[in-house]
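Colleague: Turn these sequences into a full structure, and let the hints steer you where they fit.
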Amino acid sequence: MSTREWQREVYAKALKKLSERKSRFQTSSGTDVSPLYDAPSPRTLGVPGEAPFTRGVQTTMYRSKLWTMRQYAGFGDAEESNRRYHFLLSQGQTGLSVAFDLPTQMGYDSDSERALGEVGKVGVAIDTLADMQLLLKGLPLAEISTSMTINATASTLLCLYIATAEAQGVAPDKLNGTIQNDILKEYIARGTYIFPPAPSMRLTTDVFAFCKERVPKWNTISISGYHIREAGATAAQELAFTLSDGIAYVDAALKAGLHVDEFAPRLAFFFNVHNNFLEEVAKFRAARTLWAEIMGQRFGAKDPRSLGLRFHAQTAGSTLTAQQPDNNVVRVTLQALAAVMGGAQSLHTNSRDEAIGLPTEAAVQLALRTQQIIAYESGVADTIDALGGSFAIEALTDDLIAKAKVYIHEIDRQGGAVKAIEQGYQTKEIEDAAYAYQRAVEEKREVVVGMNQFTTPGEPKMKALELDPALEERQKRRLGEVKAGRNKKAVSDALTAITAAAKSGDNLVPKILDAVRVYGSVGEISDAMRVVFGEHDLLR
Numbered sequence: 061m062s063t064r065e066w067q068r069e070v071y072a073k074a075l076k077k078l079s080e081r082k083s084r085f086q087t088s089s090g091t092d093v094s095p096l097y098d099a100p101s102p103r104t105l106g107v108p109g110e111a112p113f114t115r116g117v118q119t120t121m122y123r124s125k126l127w128t129m130r131q132y133a134g135f136g137d138a139e140e141s142n143r144r145y146h147f148l149l150s151q152g153q154t155g156l157s158v159a160f161d162l163p164t165q166m167g168y169d170s171d172s173e174r175a176l177g178e179v180g181k182v183g184v185a186i187d188t189l190a191d192m193q194l195l196l197k198g199l200p201l202a203e204i205s206t207s208m209t210i211n212a213t214a215s216t217l218l219c220l221y222i223a224t225a226e227a228q229g230v231a232p233d234k235l236n237g238t239i240q241n242d243i244l245k246e247y248i249a250r251g252t253y254i255f256p257p258a259p260s261m262r263l264t265t266d267v268f269a270f271c272k273e274r275v276p277k278w279n280t281i282s283i284s285g286y287h288i289r290e291a292g293a294t295a296a297q298e299l300a301f302t303l304s305d306g307i308a309y310v311d312a313a314l315k316a317g318l319h320v321d322e323f324a325p326r327l328a329f330f331f332n333v334h335n336n337f338l339e340e341v342a343k344f345r346a347a348r349t350l351w352a353e354i355m356g357q358r359f360g361a362k363d364p365r366s367l368g369l370r371f372h373a374q375t376a377g378s379t380l381t382a383q384q385p386d387n388n389v390v391r392v393t394l395q396a397l398a399a400v401m402g403g404a405q406s407l408h409t410n411s412r413d414e415a416i417g418l419p420t421e422a423a424v425q426l427a428l429r430t431q432q433i434i435a436y437e438s439g440v441a442d443t444i445d446a447l448g449g450s451f452a453i454e455a456l457t458d459d460l461i462a463k464a465k466v467y468i469h470e471i472d473r474q475g476g477a478v479k480a481i482e483q484g485y486q487t488k489e490i491e492d493a494a495y496a497y498q499r500a501v502e503e504k505r506e507v508v509v510g511m512n513q514f515t516t517p518g519e520p521k522m523k524a525l526e527l528d529p530a531l532e533e534r535q536k537r538r539l540g541e542v543k544a545g546r547n548k549k550a551v552s553d554a555l556t557a558i559t560a561a562a563k564s565g566d567n568l569v570p571k572i573l574d575a576v577r578v579y580g581s582v583g584e585i586s587d588a589m590r591v592v593f594g595e596h597d598l599l600r
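Note that the sequence shown ends on residue 600 in the working numbering; no numbers are left out.
Bear in mind the hints are in silico, worked out from the structure with no lab data behind them. Treat the hints with caution; some may be incorrect.
[Claimed, not checked] Below are the DSBU-like pairs computed for lysine-lysine, each with C-alpha atoms no more than 35 Å apart in a straight line:
1. 521 - 272
2. 181 - 234
3. 479 - 521
4. 521 - 536
5. 234 - 548
6. 272 - 125
7. 181 - 465
8. 479 - 315
Modeller: In structure tokens, the structure reads:
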């Protein structure tokens, strides 16, 4: 036996021994990780920019244009958040991403009893057009792309943005951005819904139809797996439940009379990025492959843009720790790199102090610098799909495609995403996955550096960003002044028209736009629809 043959035999025995051993080496989706991948995938990879888009939705990817660096920000009132946006743009951010407080997200004004203690806490408080104009003061809306993370009140916030742009002299057809507008994942994982699923889906498709005619550059929905993953889902569940929601939105738009190629090119997605670098890269490649198949085979889309899955990514807030917060910089860097290697169109990097509170300006700057270093110093943006063809990446991509299809087929069997949500299917699956992971952390089968392993006793606590305690009263006072100074009859007529449209089935977005122009508030507009649609009771 030659030396080379002997080495191969020893190596083969070692691999066999490893494969037989009960291993801790698994992905979040329960796939055993092989110690060595030595066979190519039978799947045809294709080329970037062509269906099935496994290798990317643009032909030249980052060699022509880098991803949009879009730091998610918003806290306190409109003036505070406006200062943060100007700071981020001055530091090289290339797009805005707006976080709204819970009252705004759930259709309550800042002076509502239900808003008490929550005004400006997890995002910016926006009640009327006056607030939105302050929020966007001095920002060139004709030149920048703005993403707004808002769902139940998405149509209202979009109208506030359009009205603000009009006041700047910017026509709706010049606006570029994204409204999240993904209500289904709110029922699955997040909880900021107002109305029952059916009228909520109607509002979503009303936005599709309105933007097709009036705001053609706008991404009308960002179908979100991010919050599904934050709730505890595995990578395969995030992938499958997100795409199933996408199927439901396409179905709803078709039933509303839209043609698939009229709205599908403006659909966008929003994914989480976790710590398992190879699995996350594979997840994004699997998502593109599956969506191209779904749109082409299930819905008969002909426009190549309808088949291409474009996505924003955000690093995983749920992986950040309050213990040893500097470790979060390393986590975020790995996650951001996975998003880039997976072909993201835009990216938010979390700040190291977000497990403690709202991010400080210094932490936000470092998070942005992380993206910039990857973009300009690492060299990874120079090659399109640099990991494509890797035995490990292709095997993981195939595995995620197969696992996601099992979930999608089960959701189809139950009657689609909305029916499955009503039966609690996705929520139960996520809860089971979250429980399993938490048990693994507590038993130290999953290592979280600095928290359950490699801890440092008595480490100093990082100081959190503190909000002005007078902010809530200041916001209420501003809202009172706006309500006192507006044309009350014009507001009343506009709100009556919204209620009438809700009853008749007419597109609600033009009526909402009329209302925000005369300073109708987010809460009042939501109430005008509540009287017709009611509110969703999860326990009913």
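Colleague: State for each hint whether it applies.
Modeller: Against the structure, the hints:
Between residue 521 and residue 272 the alpha-carbon distance is near 50 Å, which puts this suggested pair outside the 35 Å criterion. For the hint linking residue 181 to residue 234, the alpha-carbon distance of about 32 Å falls within 35 Å, and the restraint holds. The hinted pair formed by residue 479 and residue 521 fails the criterion: a straight-line CA distance of about 46 Å is larger than 35 Å. Annotation: proposed proximity of residue 521 to residue 536 holds, straight-line Cα distance about 33 Å (limit 35 Å).
For the proposed pair residue 234 and residue 548, the alpha carbon gap of about 31 Å is at most 35 Å, so the pair holds. For a cut-off of 35 Å, the pair hint linking residue 272 to residue 125 stands: about 26 Å separates their Cα positions. With a C-alpha separation of about 39 Å, the suggested pair residue 181 and residue 465 falls outside the 35 Å cut-off, and the hint is violated. Straight-line distance between C-alpha atoms of residue 479 and residue 315 comes to about 16 Å, which keeps the hinted pair within the 35 Å bound.
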